[in-house]
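> Sequence:
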Amino acid sequence: MSVIELKNAMVIPDEESGVWYYAPRTLGIALDGNGRPQFNLLAAGPVSFLQITGTWSLSAADVDAAKRELAGKLGKDPASLNFMPVPETIDGVSLLMDDGADGYTVLQQGKSSGMPPFHAAFNVMLDEKQLKTVKEGLDGKRHQMVLRYDITRQTPVTSASAGHVATSEAAEGDGPDGSWSSASGHAETSASRETVMQTEKLGAQLDAADWTTAR
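Mapped onto the numbering used here, the consecutive letters of the sequence shown carry residue numbers 202 to 416.
A couple of the hints might just be wrong.
Taking lysine-lysine pairs in the BS3-like style, the calculated list, with each CA pair at most 25 Å apart, reads [said to hold, decoys possible]:
#1 Lys-402 with Lys-312
#2 Lys-342 with Lys-330
#3 Lys-274 with Lys-208
#4 Lys-208 with Lys-402
#5 Lys-277 with Lys-208
Derived DEER-like restraints, expressed as beta-carbon distance ranges [what the hints assert, rightly or not]:
#6 Ala-244 with Gln-309: 12 to 20 Å
#7 Lys-342 with Thr-400: 31 to 39 Å
#8 Gly-219 with Ser-314: 26 to 34 Å
#9 Phe-250 with Gly-273: 12 to 20 Å
#10 Gly-304 with Ala-272: 37 to 45 Å
#11 Val-358 with Gln-239: 33 to 41 Å
#12 Ala-245 with Ile-205: 43 to 51 Å
#13 Gly-311 with Gly-219: 33 to 41 Å
If you're looking for bench data, these hints aren't it; they were derived computationally from the structure.
By construction, the Cβ of each residue, glycine as well, lies at the ideal position given by its N, Cα and C atoms.
Working from the sequences, and respecting the hints, build out all of it.
Right under this line is the structure:
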């Protein structure tokens, strides 16, 4: 499997069908109807709430840009490239918070919408300690909080095999001039290619330090 990294996407070629499968390189924050990120940190007296909607997708504009970028690398017309989203399912989505010991604890778990753009919404009530951690993350301190998607992906894998078959024939007999014999041989070499979809598990994370600038 050969993966080509582009600005906002990664693409995987299916050598047999000519399809280019694409996927986002990073998680994003979903946009509302006005184009604003669906992300808020709200305080109501002593109570605070974190609201965020993640997304794992490429917009139509992102796909067009990826197609043009790839076409430039290949020296081809973008219209000639057959682009398709890589087959994926989202196994789970989590908000993870620093546990104070170089790891994370689960703040809240959720599910995605089940189909692209795989939106996953969270609305979490925070205590004072959690609020402090979230604010530090939003102010640029890394590994304080992350949004994580666990993904199952199907990717094309092409294998090649070759075969060699040799045959021979021999004959002998008697004639007026004595006995005779002959031998002949023939060899054939064949090659075949097979593409299968291979399953892989992966995790994608978006650090809170990047939430305000995420696409």
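> I want to verify a distance hint. Is the separation of the beta carbons of Gly-304 and Ala-272 within 37 to 45 Å?
The hinted range 37 to 45 Å holds for Gly-304 and Ala-272, with Cβ atoms some 43 Å apart.
> Holds or violated: Lys-274 and Lys-208, Cα atoms, limit 25 Å.
12 Å, holds
> Within 26 to 34 Å or not, the Cβ separation of Gly-219 and Ser-314?
Holds, since Gly-219 and Ser-314 (Cβ atoms, about 30 Å apart) stay within the stated range.
> Between the alpha carbons of Lys-208 and Lys-402, is the straight-line distance 25 Å or under?
Distance ~23 Å between Lys-208 and Lys-402 Cα, so the pair holds.
> Please test the hint of 31 to 39 Å on the beta carbon pair from Lys-342 and Thr-400.
Distance hint for Lys-342, Thr-400 holds at roughly 36 Å.
> Taking the Cβ atom of Phe-250 and the Cβ atom of Gly-273, is their distance within the range 12 to 20 Å?
45 Å, violated
> Does the alpha-carbon distance linking Lys-342 and Lys-330 stay inside the 25 Å limit?
15 Å, holds
> Using the beta carbons of Val-358 and Gln-239, state whether their distance is inside 33 to 41 Å or not.
36 Å, holds
> Has the given pair, Lys-277 with Lys-208, been kept, meaning a C-alpha gap of at most 25 Å?
18 Å, holds
> A range of 33 to 41 Å was offered for this pair. Does it hold for the Cβ distance of Gly-311 and Gly-219?
37 Å, holds
> Looking only at beta-carbon atoms, does the pair Ala-244, Gln-309 fall within the given range of 12 to 20 Å?
Taking Cβ atoms as reference, Ala-244 and Gln-309 lie about 18 Å apart, which means the hint holds.
> Can you tell me whether the CB distance of Ala-245 to Ile-205 sits inside 43 to 51 Å?
47 Å, holds
Going through the hint list in order, the structure does not satisfy hint 9, though it satisfies all others.
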